[in-house]
Every structure is written in structure tokens, then in C-alpha cells.
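Chains as they are written, first to last, in my numbering: chain A, 14 to 126; chain B, 13 to 125.
There's no promise every hint is true.
Stated by the list, open to error - Some chain B residues near chain A, calculated using beta-carbon distances under 8 angstroms: (1) I62; (2) S109; (3) K112.
These aren't lab readings, by the way, just hints derived from the structure by calculation. Just so it is clear, CB atoms sit at the ideal spot from N, CA and C, and this is done for glycine as well.
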Amino acid sequence: KAGVTQTPRYLIKTRGQQVTLSCSPISGHRSVSWYQQTPGQGLQFLFEYFSETQRNKGNFPGRFSGRQFSNSRSEMNVSTLELGDSALYLCASSSAGSQETQYFGPGTRLLVL
Amino acid sequence: GENVEQHPSTLSVQEGDSAVIKCTYSDSASNYFPWYKQELGKGPQLIIDIRSNVGEKKDQRIAVTLNKTAKHFSLHITETQPEDSAVYFCAASGYSSASKIIFGSGTRLSIRP
């Protein structure tokens, strides 16, 4: 079974731009969660989607948004990029949610200049 | 809000010795406690988990203990090997699959040869 894939793996943007990251979950998984990982803050929860609906949201500004498609693939978007948005963005999929093993992708490393 | 504190942030042990990482959580409704290992350039991977109806769980060299009264849980790695070097994250999740997963800030474990 193929693992979680994320595209692109690396991205360089400038302040003020927007970015869209993509996550393809393991086949059959309906829950996709997004995390921001930085050296000082660890893994910060962004949001979780389940069956195309946002089920949970972390404490991030409205510039961070996401969606999930009918095939469970998910995208997250960050608008008006700031230097502090530079981070590794990880997505994780599971069959039903937080009570089960989260399978993480390799992440997208975003650098904002 | 929910919070998971993890200590220490860095840990260096001699190969063959034991390593212990401790976490405390704030939400008394938490009942699922997974541990993830993240190697360089990869996403986190589940190594062991425990649910609130169990006080201890062991899988070969890895064990996790849970004290619900004190709201803390610990990861124990015995007979450490060089491949145990990685960043370890504890996490806590509530009573349903729709609950959030809150991660600790991580522990960088280094095994000295």
C-alpha cells in the first residue's frame, strides 16, 4: 500500500505571496490532518479534515486554510506569506481520526524570503 | 486549552543504556497516548501507543507507562542502539476519533557509541 505523499517537497516563496500544498492520503483513509513543524515550536496542529469537512482547527490565523476532496486528497493554502511561516508542513492520514495511528508524509519544506 | 509538556528536550545516552522521556498532559479527558519517532528527513512514525485502560505496554525494547491520576506518561527504551537516535514526540488525544491530537515539543535522543 502506498504511503502518504506530499507535493511539492520543497518550496521557496517571498513575503506576501500565497502557496498551496497538496497531500494524498493512504488509500481508504478518510481523515487528513495538517501540522506545522518548526525547531522552536515542535508539531503544531493546523486542522483536520474528515469526509470533506473540517472537523478540527488549531490556533492559526485565517491566512491558513484547507480543503479536502471527495477522493480524500487534501490541500492547504497559506495566503499573504510571512517570514515566520517558514517551516516543515506535515500531513498525516488515518482511517477515522485521532484515536488511530497517524501516518505521516515526508513533509513540504517551505522557505519564505 | 489542551497542553502536553515533554522533557527533556535533548537526551544523550551511552549505547546499551536506557533512555526515559516523560510527558504530562492537561486535559483529563485524554485517553489515547501515542509516541512517534522522527528520523532526519522523514515524517514521524508511530512506535508505541497506550490507552487509558492500561497502565503499561511493552514492545521488545520499548515500553510506555501511564499514570492517569498524575496525568503523566513515559517512554522507556532499553538497551539503546545507534538507530534509536532520532526525535521522539509524545501526544495525547481525547475520547473520540474526532478529538484533536496534541503533541509534545519533542526530545532529541542521541546514542553515544
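Cross-check of the supplied hints:
1. At about 12 angstroms, the closest approach between the beta carbon of B/I62 and any beta carbon in chain A exceeds 8 angstroms, and the interface hint on this residue is violated.
2. Hint on B/S109 holds. Least Cβ distance to chain A is approximately 3 angstroms, under the 8 angstroms limit.
3. At about 5 angstroms, the closest approach between the beta carbon of B/K112 and any beta carbon in chain A falls short of 8 angstroms, and the interface hint on this residue holds.
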